[in-house]
Amino acid sequence: MNANEIRKDFPTLDQEVNGHPLVYLDNGATSQRPRAVIDEIKRFYEEDNSNVHRSVHTLGERATLLYEGAREKVADFIGAPGPRGLIFTKSATEALNLVAYAWGRHHLAPGDEVLISEMEHHSNIVSWQLACQDTGATIKAIPVDVDEGILEFDKLDGLLSNRTKVVAVTHVSNVLGTINPISEISARAHEVGAVVVCDGAQAAPHIPVNVVELGCDFYVGTGHKMCGPTGIGFVWGREEILEEMNPFHGGGEMILDVWMDRATYNELPYKFEAGTPPIAAAIGLGVAIDYLNDIGMKAVHDHEVELGKYAMQRLGEISGIKIFGPRDADRKGGLVSFSFEEIHAHDVGTILDTLGIAVRAGHHCAKPLMRKLGVPATTRASFYIYNTKDEVDRLHDGLLQVQKTMQGGLGL
Amino acid sequence: MNANEIRKDFPTLDQEVNGHPLVYLDNGATSQRPRAVIDEIKRFYEEDNSNVHRSVHTLGERATLLYEGAREKVADFIGAPGPRGLIFTKSATEALNLVAYAWGRHHLAPGDEVLISEMEHHSNIVSWQLACQDTGATIKAIPVDVDEGILEFDKLDGLLSNRTKVVAVTHVSNVLGTINPISEISARAHEVGAVVVCDGAQAAPHIPVNVVELGCDFYVGTGHKMCGPTGIGFVWGREEILEEMNPFHGGGEMILDVWMDRATYNELPYKFEAGTPPIAAAIGLGVAIDYLNDIGMKAVHDHEVELGKYAMQRLGEISGIKIFGPRDADRKGGLVSFSFEEIHAHDVGTILDTLGIAVRAGHHCAKPLMRKLGVPATTRASFYIYNTKDEVDRLHDGLLQVQKTMQGGLGL
Amino acid sequence: MSLEELYKEVILDHYRSPRNKGTLNEADIELHRDNPLCGDEIDLYVDIKDGKIAGVSFDGKGCSISQASISMMTEKLMGMSQEDAEGLANTFKAMMQGEDPQDEDSLGDLVALKGVQKYPVRIKCALLGWNTFLEGLKSYREKHGEPA
Amino acid sequence: MSLEELYKEVILDHYRSPRNKGTLNEADIELHRDNPLCGDEIDLYVDIKDGKIAGVSFDGKGCSISQASISMMTEKLMGMSQEDAEGLANTFKAMMQGEDPQDEDSLGDLVALKGVQKYPVRIKCALLGWNTFLEGLKSYREKHGEPA
Ligand SMILES: Cc1ncc(COP(=O)(O)O)c(C=O)c1O
Ligand SMILES: Cc1ncc(COP(=O)(O)O)c(C=O)c1O
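Residue numbers (the numbering used here), protein chains in the order written: chain G, 1 to 412; chain F, 413 to 824; chain Y, 825 to 972; chain S, 973 to 1120.
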């Protein structure tokens, strides 16, 4: 795969920011979208725009076929046994909350435990906190080994017990890049009868995913980090579990029949898709998946490992920098989080921006992890298919400029 | 306003369906989008695409300004006192569920009553049914006077009591077109201390809305029915009520700080917007609102009243047709629901589609109302700014063809 | 798709003059089913003698597609062996799901319903009678200890 | 916006050599505030005598924008009447919120922070010290029975 060719498919990348060609290294927050995705959204709105499912007219049928086609593509992409367990949401956050509400509120009770990890995104922490508040269950967390940047896997057995009802862990950390051993976690969690929720928001865009091999019961993803539009996410769930679950939102489409005081619910996956879904965004996500499949997820990961390695090497040359996460680029996604003792992450981010380089500076929605790392914030450079080694060099040079500006005379 | 000029802004309308120029009369299900909206979504993805709020880089700042600008436009459009009470959701359905969860689950108790009406959309029925199941409250409904097509307003006082905690009523009926007297209902509901939720999904696209004049506590709308994209809706709430409410989804952006076992929540409206929002769709909705404001909502309504009148007249010429809802087109939104004794609505819908005419045939997500009307389904022609009297004539002729096909020899 | 292609004369004919409409007093299969999406309803009656369909009738209301499909089905099934009837039902389902079965010829007049394919929402209407029949046949066999 | 326009020498100077950093033993206003978004923290101390600001200092950590803004603020406030200090704070806030106040001249060096406008997320950094001061002043007045 050739990142310089791929770049040409992404119109956003072709611009100057503050007088410099844009270097976009904030893919962990959101990726850019290829022209094919943008054009399909436009085409859909211009030619087929209609509501889905209950229309008997031609536009409605076209929209429905496209929307359901997107569902099949997403299901295939994550190796799901079929599309019936694939529920569209507006984001990974909504997907996690769907599980925490529709499953959590009806299965947790006082004394029960929800086991998460110290490297979770707020979406996989607060969603469970709220569920625990409503049910009396409590949260525990698998600790992070700060030096290695991985979960303390040997603590897992001590944390799991028959009180554990849910194990909710991220597949890839959005701060450290760590790829967690989900299939092992699933196996151990299932031994104590817990349900396994895997947050794939940072995994599905970057590495091959197969939910059957992972062995999890729910797998969550989000379109905007994987070349798709904003406003579309998904959760795949085992059909047996989804079948016996309560619905989440009540409304159109999720019902079979409604009386004033009661209703019967539709079959999967519609039972969990009340109301008009994000139709155009789902269709756009389908095209994004075609695009990623054309490249191949193995090639995507290889490219990112290569960039990650190069970035660790170049950034390692900078004095006073501290890099977080696994040192071994093979074992992580393509991102590097770092900090400087004397320079605030926001200054790093802002100065890099004046040089046309977009990175993330902040707590990355992972405050408990920040506390564990002992920093208020980090700077994160996160890569994707269109990033190049030249851009890593620009980042390296930019960071030298940051140091010069903040520590020395301006010397520009 | 000139519908023939306005049509030119809507690319979808310029096509043939089954060999006939498309007549799109399914606006109650979803409207079409003007070129300005489609182009802005494309432009955003090509030029400014980024996540919002926590980015310190240029693209992030641009995206944030556009997203927050859209919030202000929506707030202004419905006469809200400010943008702080305006929460973006993915749909009107999610908006109603947000209220039913974040307010309902924490304020309803056994013995309490939720008062809805017999003309509600499933989204404003099942959302409350689920809340009642979780809390032990019960649902009551203001009856519909079938002949007049309006709520039996004189029954209201008998239904309201100090047990009534919520009154949740649609502003405009998606089946009958009835415009309900929300300000009177709010006044009476407030006398017994109930909170008023107004479902504006079918109102905001068609008539001037001012939440202060309506006196409601929550007002819900959806982008895709008002020239905006799919995947974006909103709920406006009184700030005092939102302030003391529990959050809905847990996740990024809705927090101030997070520890493993607890969190503090962000200020309004962010407390209710966990995760990456539907950024592009919100920005698109902002442009849709500019577009509607340029026409003027008074002009929009006048145009629809005129079309509604004309449709009632022309359809009234057809023997054997039964028209539902208020007879007086001034008192309703621009839609006509009807049925034939001997012809199933699905046959009406399908045959009209073969003639290039898109209408809705079915229960319109209002099964309790269908039961009350004594029909399994109706056919609905719903109008918008780009529809013309010529199109009403096409509908009229199409219905004659339906009758010929189903009742007589083919005689084509 | 033009009106004539979709609403073929044979469909309208069965809709206007349904065959085998009514109840059977002694039926081995008697099943009520409906399509919640559009309110279509059907009561199906099948009388089985010596492994053959000796009588079949239906009652119900609904759109022309569902009613014509059921009416045509009753005509076709009459006299068939259980196995042939089941095969026909599956062939019809395959056609409606766009699979172009090899033995489509066996469907005869039923091919008129092929146009409904273009309207996925309506496919359920066309299948209502057939799914009800297959379901009824399955319970019948279980009750009589035959392999399902 | 270029690096030089945003990170003006005067800002960097205050960041590297903050003025009035430390605690005051006898302060009428003593307030801790933080910006949860980026972890910036500040302790502000103000000593008021005869309606005038007789002493002001701060402690804290954070990004250059917040620290420079606070450092410059302490320099400016020293010796001002409460009213003038409040007016200056409001003028500064107006500028940062893009309102182009008429009395912008009174801000002096503080105008160097205007470039931060372009980064709405960072405006909160620039305002942290000022909002803390206004909040402290309000409580001080309430405590001393002065009109807020
Ligand atoms: C009156 C009414 N309320 C709620 C809804 C649901 O809105 P949404 O399509 O945004 O889920 C609709 C539209 O389907 C409606 O007509
Ligand atoms: C690990 C992880 N989980 C969940 C989320 C939330 O996803 P979304 O942005 O779709 O709400 C993110 C991204 O912000 C993430 O990085």
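Just to be clear, a hint being listed does not mean it is correct.
[Unchecked claim] In silico lysine to aspartate or glutamate, EDC-like type, Cα no more than 20 Å apart, as pairs:
1. Lys1033(S) <-> Glu341(G)
2. Lys372(G) <-> Asp669(F)
3. Lys1033(S) <-> Glu1013(S)
Quick caveat, the hints were computed from the structure, so don't treat them as lab data. Here the structure is a predicted model, which is why all the values come from computation and not from measurement.
How the hints compare with the structure:
{"no.": "1", "hint": "Lys1033(S) <-> Glu341(G)", "in the structure": "12 Å, holds"}
{"no.": "2", "hint": "Lys372(G) <-> Asp669(F)", "in the structure": "14 Å, holds"}
{"no.": "3", "hint": "Lys1033(S) <-> Glu1013(S)", "in the structure": "5 Å, holds"}
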